[in-house]
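Undergrad: Taken in sequence, the protein lines are chains U and F.
Residue numbering for the first sequence follows our numbering, starting at 44 and increasing by one per position.
Residue numbering for the second sequence follows our numbering, starting at 330 and increasing by one per position.
Any given hint could turn out to be false.
[Stated by the list, open to error] Restraint ranges, calculated between C-beta atoms of paired labels, are given here:
no., chain 1, residue 1, chain 2, residue 2, range
1, F, N594, U, L413, 35 to 43 Å
2, U, R417, F, G535, 24 to 32 Å
3, U, A410, F, G596, 33 to 41 Å
4, U, Q336, F, A534, 25 to 33 Å
Hint data in this document are derived by calculation from the structure and do not stem from the laboratory.
Ideal Cβ placement from N, Cα and C applies to all residues, glycine included.
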Amino acid sequence: MSERFAWHRFIAVVMKEFIQMRRDRLTFAMMVGIPLIQLVLFGFAINSDPKNLPTAVLSADHSEFSRSFVRALENSSYFKVTAQPASEREAERMIAEGEVQFVVNIPQNFSRRLQRGEHPAILIEADATDPTAVGNAVGALSQLAQSALDHDLRGVLQPLQGKPAPFEVRLHRRYNPEGITQYNIVPGLMGVILTMTMIMQTGLAMTRERERGTMENLLATPVRPFEVMAGKIVPYIMVGYIQVTLILLAARLIFGVPILGSVMLLYIVVLAFIAANLSVGLMFSTVAKNQMQAMQMTFFFFLPSMLLSGFMFPFRGMPEWAQKVGSVLPLTHFLRMVRGILLKGNGLLETLPHLWPIGLFLLTVVAIGLKRYRKTLD
Amino acid sequence: MQQRSPKQSKEPNLPLPQAYPEGHKGEGRGEGAAIANPTSNHPSSLVINVEGLSKRFNGLLAVNNLALQVRRGEIYGFLGPNGSGKTTTIRMLCGLLTPDGGRGTCLGYDVIRETALIKRQVGYMTQRFSLYEDLSIRENLDFTARIYGMANRRRVVDQALERLGLGDRQKQLAGNLSGGWKQRLALAACMLHEPKLLLLDEPTAGVDPKARRDFWDEIHRLAGEGITVLVSTHYMDEAERCHRLAYIAYGTLLAQGTVAEVVENSGIVTWMVECADVYALGAQLRGRAGIEQVVPFGNVLHVSGTDRALLEQSIAPFRELGECRWTAIQPGLEDVFIQMMEGARDNV
Ligand SMILES: Nc1ncnc2c1ncn2[C@@H]1O[C@H](COP(=O)(O)OP(=O)(O)O)[C@@H](O)[C@H]1O
Ligand SMILES: [Mg+2]
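Using the sequences and the hints given, assemble the complete structure.
TA: Following this line, the structure appears as structure tokens:
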């Protein structure tokens, strides 16, 4: 294998794919139509009751009371303290990157003011981009304030028990204060739609060559596997961008989803995601014998992506094994990136932790695809 | 459908290609009987030189220990019934299939290790139309030219279109072309990068006689330019337009040489009978000792066998009746091939 990548052969494949795509009106219409239809259909929310949500406790008060409160949080089974950030900045970063779902802020002098009966407040910030994920946990909070400290409030403090609650829990829903599910679902749909159409189209692109017999002609020329694969990917990247644009427009104009972050950044990171899905499609097409099989494989990949990525069900509500599977899938990371950029206004720094898993996935799949691409008809 | 009329080979002979002026041998047998380059079986003049080539598909032997020598500038016919392994052999020659056994060279490159180099210099026309039906004629040629990195792409494509006579239809989709035009387009596409060797796999299957005639004129013109052509076919008249040919059945090479050599070496004896009722006579002849083939051709019957004495003994009583006219003839290629295939099947 001494020959190298040749631009002229790559360009030849790209041009051919563009022409074929243009001729195939039905497929092209479908690639634009599917996003629109799905956007319209997905007007409903899916509920679930996730527990053990990762929580950061930022405590400026190291008293028996604050410890009891945290213990009570954990006992409610909705919260799991996973971090004790040293500063507000760090806590902010954690919630922005999605490392934690909640940040509990226990203010200075909490215990002193509690003992004085001043009803101090504990601030809980919730990442409410996915409202269903935090809904029940938030519900449990109001109970908590009532009874968390009953055990500690004895003797002279006995009168503080009961109503009104000895302290106040102030909830701050971040990113999606009204808990509008479309805010969460519409950006998520972008990932779901890209996953389906990108994998399917490239999956079909290669098996079509085999089914129509044109593969034999292609293989008889000096064109190299990488040139064919790359050449087939490029036109669909463009289609992917058309879809992204359509969905963004719909998100903004129809559903009023806020776009806090940089659209530019979104367009850049989406490239990795599109490429990852296209390469999955190409890998499938090197295995599939015909277009039917390519289609079936697409769904085989698409279903877990949809179910385990956090699109259908809150990611943290899933059992651990499902989360493990989910965190391999590009869609999982893409959802976090998109929601982060659109709803949280995340920048590149907060986005990077979800970008590299997609890159890793892409490289692995391309490697498998190249290995499996048959240069002969054997 | 196979065309079976031997008359076709007796059509007026076509102008001979320049490169083979000595070729015509008469006997109503086209210029194919000519030997392209009688002198050399020397390795350096062999464009294809393989031996022991074998290929199995799921344990089934598709090509069995095949040896093939094709000389520079010759039109080499590759004949055999369907499923005999012609396509498989051609695919192995241009690196599309990896042989399970055997070795050799194609254009001087190793057929197993140097397939990438072979691909650059071979024009392979697949049995099934394998250009893009949803691309126009011009777009298909343009794609091919790009793949081969041709420097003067536009001119090359223009010239090819002009030679094809498709200049004014260049925007038409390839899928809408008729069979004959598809073949010509496919030939033009695989000629675009000026290959030294053409591998044509049943290029004229399903094409009308006029288009076939034109196609073969074109092949002879190319051979005249020094291009080597290996062409598979099952039309006998086409076989006779080849300089040399090979006959393969059940993956095994059964004969190789010029038409005359193949016929001669077959050892087949054929009698032609002109008779009022060929079918009645045929029914009586079949199954008799030494009579291996009884084939009606219109109003005549070809009666063949490999054992001259036995055959003549069996037909003697019929000849004495004097009802029909019996003539010993040179067997046709088709008689020879069918005989060989029967023999090969018995050995399988
Ligand atoms: N890709 C393949 N897989 C399995 N069997 C094959 C394949 N290609 C050819 N064959 C078998 O090999 C034999 C020879 O086929 P082929 O070379 O196409 O014959 P021909 O071109 O002379 O008609 C046939 O029996 C065919 O069924
Ligand atoms: Mg064949």
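Undergrad: Against each hint, give a clear statement of whether it holds in the structure.
TA: Hint check:
1. N594/F with L413/U: 35 to 43 Å: Violated, at about 50 Å.
2. R417/U with G535/F: 24 to 32 Å: Given a distance of about 29 Å, which is inside 24 to 32 Å, the answer is holds.
3. A410/U with G596/F: 33 to 41 Å: The hint (33 to 41 Å, Cβ to Cβ) is violated, given that A410/U and G596/F are roughly 59 Å apart.
4. Q336/U with A534/F: 25 to 33 Å: 29 Å, holds
The structure is inconsistent with the numbered hints 1, 3, although it conforms to all the rest.
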